[in-house]
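Engineer: Residue-level listing of the chains:
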Amino acid sequence: MRRAFSDALFKLAQDDPSVIFLTGDLGFGVFDAFIAEFPRRYINVGVAEAQLVDCAAGLALEGWRPIVYSIASFMTGRAFEQIRLAVGYHRLPVIVVGAGGGYTYAHAGVTHHAKEDLALMALIPNMTVVCPGDPNEVSALLPQLSRMSGPSYLRVGRFGEPRFESPAPIQVGRARLLRDGERIAVLTTGGSAVHALAAADKLAEADMRPSVCHFHTVSPIDTAALDALVARAEVFVLVEEHGLQGGLAAAVSQWCTFHGQAPRRILRLGPSDELVVGNPKQHELQQRLGFDTDAIVAACRELWSPAVIGKAAP
Amino acid sequence: MSLVEKVPLAEPTVSTAALERKARRVRATCLVMAHQGREGHLTSALSCVDILVALYGGWLNVSPGRLHDPHRDRFLFSKGHAASAYYAVMADAGFLPVEELATYGKSGSRLPCHPCRLMLPCLEISSGSLGHGLGMGTGMMYGMALSGHRGRVVVLMSDGECNEGSVWEAAAFACAHKQERLIAIVDNNNMQAVGRTDQLMGGATFEDKFHAFGWGVRTVNGNNIAEVRAALDEAPFIRGQPSAIVAKTVGGAGVSFMADDTLWHYRVPSKEDLLKALEEIGEPPFIEVGP
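Quick note, the sequences are listed as chains A and B, same order. Those letters in the first sequence? Residues 814 to 1127, per this note's numbering, in order. Those letters in the second sequence? Residues 27 to 317, per this note's numbering, in order.
There may be inaccurate statements among the hints.
[To be verified] To give an idea of the chain B side of the interface with chain A (calculated C-beta under 7 angstroms), a few residues:
1. Ser-152
2. Gly-161
3. Asn-189
4. Glu-195
[Claimed, not checked] Taking CB as the label site, the calculated pair distances span:
5. A:Gln-827 / B:Ser-89: 37 to 45 angstroms
6. A:His-1072 / B:Gln-225: 53 to 61 angstroms
7. B:Gly-221 / A:Met-961: 37 to 45 angstroms
8. B:Ser-89 / A:Asp-828: 32 to 40 angstroms
9. A:Leu-1088 / B:Asp-286: 16 to 24 angstroms
If you're looking for bench data, these hints aren't it; they were derived computationally from the structure. For clarity, every value in this text was computed on a predicted model and none was experimentally measured. Ideal Cβ positions, reconstructed from N, Cα and C, are used throughout, including at glycine.
Next comes chain A alone, as it looks inside the complex:
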């Protein structure tokens, strides 16, 4: 996703002369082409997240289209006040990019874990919060965010995530139905989409065909898609690399509660509130905390049983 981001950024800067990129001292070598082509529209403010965002807000007040970039934990946590007030309160079209969202930096320790980035950003009025599932979505969503009149947050992961193909269009605010199935709907955000698709492939071998619907936009949540899913699925399996509060599961379950429409059962697969120490790899952590491919397969197998769902299978 990082390469997709830097490529999309370069193209965006070519298309829109008001785009200006600010980094908090992150991205060694990644933005060399951008720097060479647009030297005055590249600013490394240093390890200074408050300045990164306040400065971007000042640029936006002058009509520029700033994109700020740092490690997701620092970008959203350390600069929360600046994002809330300098950007949010001033209603400025700044794109905040958190690199290494979720547990991308699992091995780097708690300081670098960002399982609350989506929640923090979703707390800010009018903030569009986007958590792409693969590099294609990063490429497609960045230019859309840059045309919006308000602020947005874009979580990107690491380098080299797998891509998935789907005819479902990639539009901000619109969920993508990646697999049209029955009975169970697996709802994902971020890289969990890849796990859900792999799980769907395995389940198909046993004639189980859950739907997979991917919400790259967490806020505002696509309520039309939820309406459609509730109408066709008895169970929601929500998968996210994010804490319970303020992520996909929170948005969906809130919608179900307040909208008065819910599937018969909702299951969430994702990290618990524990502090993860011991420098695990990201995939080890996904396995241990139960939101990887195998965990989705296991959950769907169990839920597919009529006794669990409480209704005869077709």
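Since chain A is already given, all that's left is putting chain B on it; use the hints.
Structural biologist: Just chain B, lined up with the frame of chain A:
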């Protein structure tokens, strides 16, 4: 970045005596606003009145008819809690109706106790949370330079505000980008909500700090309009570097029983306090004293 050009004054040269009289009227107005709006922060407002009058008394290249002129100067009022002084000076300069000052602090007013740009679009920024103005000012300056817009950026901060680390992140940035058209004014009344700025910060001076961050620095009596004006005229103090004006002020300046007394950071003046202060100031407020 080009050298600072001398810009035409917004109004013909105004005598210092006239500006001093105006400052007394602004002070009187702040007192009425605090009394009627039931808001405090009088020490903070009164300490920066002379700085604001110097800026809006013909130095800043701004006018109500040119709010969107890309070449205007940008003035960022970062010490938002002192809003009454800012509103009074803005009203006097024609940016808002003078009678609107009577709504200060009241429910539904465009003039809340911390300035809100969503309510009052003639403001460059909203403020109230300390430590944002300088960083936003550096971004505006960078953007203006890229666009070829000629204005200067002036940020007024409180000294307590400079407790915030973000101020020094911005100070380093301004130096790194040689923002010689950026001026930071520190209203150095040495008074904050609970305590004295110099003691809380270990005694290191603003002069030393800004020097260390590569800025040109001047120290002035911030309650002396002519001195403030002279320093503004002299900026940039170092060619190619941003400028800091350390304005030595007295919290509550102009009202003897409020001067340098932290109590008046909070206290809302009673009618009796108000009349006593107005008598000492000896100039009429812009708005009437209610019953």
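Engineer: Against the earlier hints, flag every one the structure doesn't satisfy and list their numbers going up.
Structural biologist: 3, 9
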